[in-house]
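Residue numbers (numbering that gives the first Met the number 0), protein chains in the order written: chain A, 0 to 177; chain B, 0 to 330.
Don't read these hints as lab results, they were simulated from the structure.
From a predicted model like this one, the values you see are computed outputs, not experimental measurements.
Treat the hints with care, as some may be off.
Claimed, not checked - Among chain A residues calculated to face chain B with C-beta under 10 Å, some are:
1. Cys5
2. Arg8
3. Glu9
4. Arg25
5. Ile78
6. Lys92
7. Arg95
8. Gly100
9. Leu128
Unchecked claim - As a list, the in silico DMTMM-like pairs of lysine to aspartate or glutamate whose alpha-carbon atoms are at most 20 Å apart:
10. B:Lys263 x B:Glu294
11. B:Lys263 x B:Asp312
12. A:Lys92 x B:Asp22
13. B:Lys306 x B:Asp289
14. B:Lys329 x B:Asp289
15. A:Lys92 x B:Glu98
C-beta: ideal position from N, C-alpha, C; glycine also.
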Amino acid sequence: MLCEECNNREARFAVTMNVNGESVVRHLCPECMRAMNANMRGGNIAGVLSAILSAITAGEGMRRPEMREKEPAEQLPDITCQRCGTTYVQFRKSGRLGCPGCYEAFREQLRPMLQQVSGGAQHAGRRPLETLEAQRTRSRQEELTRLMQQAVALEDFETAALLRDQIHALAEEGGADA
Amino acid sequence: MNHPAVLSSRVRLARNYEDLPFDAHRPGVAETCVSRTANALALSGEDRGFALLTMASLGEDRRDALVESRMISRELAASPDSAVLLQEDDRLSVMMGEEDHLRIQAITDGLSLDEAAARCFAVEDALSRHVRFAFDDQLGYLTACPTDTGTGMRASLLMHLPMLAHHKQMGSVSSIAAKVGLNARGYYGEGNEALGDIYQISNQITLGRTEAEVIATVTALGEQLSETEAELRRNALAERRTATEDKIFRAWGILMNARLLPLKEFYSLWSALRLGAVLGLVPVSPESLDSLPVEVQDAHLRAYNEKPLTGEDLDAARAARVQSVIRAAKR
Ligand SMILES: [Zn+2]
Ligand SMILES: [Zn+2]
Numbered sequence: 000m001l002c003e004e005c006n007n008r009e010a011r012f013a014v015t016m017n018v019n020g021e022s023v024v025r026h027l028c029p030e031c032m033r034a035m036n037a038n039m040r041g042g043n044i045a046g047v048l049s050a051i052l053s054a055i056t057a058g059e060g061m062r063r064p065e066m067r068e069k070e071p072a073e074q075l076p077d078i079t080c081q082r083c084g085t086t087y088v089q090f091r092k093s094g095r096l097g098c099p100g101c102y103e104a105f106r107e108q109l110r111p112m113l114q115q116v117s118g119g120a121q122h123a124g125r126r127p128l129e130t131l132e133a134q135r136t137r138s139r140q141e142e143l144t145r146l147m148q149q150a151v152a153l154e155d156f157e158t159a160a161l162l163r164d165q166i167h168a169l170a171e172e173g174g175a176d177a
Numbered sequence: 000m001n002h003p004a005v006l007s008s009r010v011r012l013a014r015n016y017e018d019l020p021f022d023a024h025r026p027g028v029a030e031t032c033v034s035r036t037a038n039a040l041a042l043s044g045e046d047r048g049f050a051l052l053t054m055a056s057l058g059e060d061r062r063d064a065l066v067e068s069r070m071i072s073r074e075l076a077a078s079p080d081s082a083v084l085l086q087e088d089d090r091l092s093v094m095m096g097e098e099d100h101l102r103i104q105a106i107t108d109g110l111s112l113d114e115a116a117a118r119c120f121a122v123e124d125a126l127s128r129h130v131r132f133a134f135d136d137q138l139g140y141l142t143a144c145p146t147d148t149g150t151g152m153r154a155s156l157l158m159h160l161p162m163l164a165h166h167k168q169m170g171s172v173s174s175i176a177a178k179v180g181l182n183a184r185g186y187y188g189e190g191n192e193a194l195g196d197i198y199q200i201s202n203q204i205t206l207g208r209t210e211a212e213v214i215a216t217v218t219a220l221g222e223q224l225s226e227t228e229a230e231l232r233r234n235a236l237a238e239r240r241t242a243t244e245d246k247i248f249r250a251w252g253i254l255m256n257a258r259l260l261p262l263k264e265f266y267s268l269w270s271a272l273r274l275g276a277v278l279g280l281v282p283v284s285p286e287s288l289d290s291l292p293v294e295v296q297d298a299h300l301r302a303y304n305e306k307p308l309t310g311e312d313l314d315a316a317r318a319a320r321v322q323s324v325i326r327a328a329k330r
C-alpha cells in the first residue's frame with residue numbers, strides 16, 4: 000500500500016488519530032511518519048499549515064482522510080468497580096467513570112481506548128508538587144527515550160546511539176545533583 | 000510579533016479528589032469539594048482576592064453573566080450545590096463540583112497561554128500542599144472522562160478569523176488541526192456555526208505530552224492562523240479594496256445608527272467592523288472592540304442597564320451599548 004500522505008513511497012506505519020470524534024487510520028511511509036512526529040512534538044505546524052495558503056490560491060480544499068468502517072458491536076465484559084459500584088457497561092453508555100478507582104478496575108479495557116485517543120498512553124506532564132527543574136529533566140529524558148525508540152523503529156541506529164549517550168549523560172547529571 | 004487575530008488565551012486544569020466519586024450530583028460530593036477546596040486555599044494563604052460564590056446564592060442573571068464572560072461553565076451554573084472561587088478582575092476561577100471536582104481556569108489577553116498556565120499551576124500548587132489529587136504514574140491526573148486524563152489540561156485560544164472564514168477554509172483548518180491533535184471550531188452559535196467568525200482552537204490530546212508541548216502546539220497553530228489571516232487581509236486590500244471597504248463601511252454605518260440590533264446581526268457586523276479596525280480603515284483599535292461580543296449578551300445588558308430587559312428592549316439596549324463603546328473608543 001502506498002503512503003497516504005505522499006502517495007509515493009510504501010506505507011509502513013498505521014497511525015490512528017481522532018478526527019472530530021471519529022477514529023481515523025492513516026498509512027504513512029517512514030519519511031512522512033517522521034515529518035508528522037516532528038510537527039506534533041515541536042509544535043511546528045507551519046509546515047503542515049502552509050498547505051492552507053497554497054490550497055486557497057490553487058482553489059482546492061484539502062483532502063479529507065478516509066474514515067474507517069465502524070467495528071461490529073462487541074461483547075462488553077461484566078466488571079464492576081468495587082469502590083463506587085459503577086459497571087463497565089454503565090461507563091460505556093455515559094462516557095463518565097464513577098470514581099478514581101474505576102481506572103484500576105477497568106485498566107485493561109481503558110488502555111486500548113486511551114492509546115487510540117492519544118497515540119501513547121504514558122503520562123508525560125506535571126506531577127503533584129514536582130519542581131519545574133525536576134520536571135524539565137524528566138520530560139527531557141522521556142523525550143530522548145521516545146526519539147531513540149523511534150530512531151530504532153526507523154532503523155536509524157546512528158541517531159539511536161547518539162540519543163542513548165545523551166540519556167546516560169542526563170541521568171548522571173541528575174544523579175550528581177541529588 | 001503582534002497577533003491581532005488572537006482575542007484571548009485560556010487554560011483549564013481538571014483535578015479530582017482521590018477519595019470522592021466523580022459525580023457531583025451524588026449527595027454530599029459537591030459540598031465536600033467546596034469546603035475542602037476553600038479550606039485548602041485559605042490554609043495556603045493564597046486565598047486573598049478570591050470570592051467564594053455558591054450557585055444557590057447567586058441570582059439567575061448573575062450566573063448567566065458569569066457564563067457569558069466564561070468565568071464559569073454552563074454545567075456549573077446549573078448545579079445548585081456547586082460553587083466557584085473567583086478573582087473576577089483577574090479572570091481566574093476555581094469551579095468546584097463540575098464534571099470534575101475542580102476546574103482551575105485562567106483567561107488572559109492576546110496570545111499568552113504560558114501566562115494563563117502559570118496562573119493555574121500557582122493555584123494548583125497552593126492546593127496540593129493541603130489536599131491530594133487523584134494521580135496515577137502511568138495515566139497522570141485522573142478525570143471523570145477518560146479522554147481528559149494525563150495533564151487534565153485544555154489550552155485554548157479564541158480567534159477572530161474573518162478572512163479564513165470568507166474563503167471557506169475553516170473546514171480545512173479543522174481537519175489539519177486534527178492531524179496534530181488540535182480542535183478548531185466556531186465558538187458562538189449552534190452546530191457548525193461560527194457567529195462573528197470567532198473560533199476556538201484547543202488541544203484534544205491530554206495524555207502522553209507535557210503541558211509545555213501542548214501549549215507550544217496550540218500557540219504555533221494560533222500564530223500560523225494569524226499570519227495566514229494577515230496574508231489574506233493584505234490580498235483583500237490589494238485586489239478587492241472597494242468591495243472590502245464597502246462591507247466594512249456599511250457595517251460601521253449600521254452599527255452606529257441602528258436602533259434595534261438583534262444578536263445574530265450584531266455578530267456579523269462586529270466581525271466586519273473589527274476587520275476594518277485591524278486594517279486601519281475605521282477610527283477605532285481592534286482591542287477596543289474585543290469585549291463587545293460579551294458585553295452585548297443578554298445577562299450583561301440586563302446588568303449594565305439594571306433592568307430585567309427582554310425581547311425588543313434587549314435589541315435596543317444592545318444597539319445603544321455598541322454605540323457607546325465605539326464612541327468611547329474613537330480616536
Ligand atoms: Zn509518505
Ligand atoms: Zn469507581
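Going down the list of hints, with the structure as the test:
no.	hint	result
1	Cys5	14 Å, violated
2	Arg8	18 Å, violated
3	Glu9	21 Å, violated
4	Arg25	8 Å, holds
5	Ile78	15 Å, violated
6	Lys92	13 Å, violated
7	Arg95	5 Å, holds
8	Gly100	9 Å, holds
9	Leu128	5 Å, holds
10	B:Lys263 x B:Glu294	14 Å, holds
11	B:Lys263 x B:Asp312	16 Å, holds
12	A:Lys92 x B:Asp22	15 Å, holds
13	B:Lys306 x B:Asp289	24 Å, violated
14	B:Lys329 x B:Asp289	14 Å, holds
15	A:Lys92 x B:Glu98	16 Å, holds
Comparing the model with each numbered hint stated earlier shows that hints 1, 2, 3, 5, 6, 13 do not hold.
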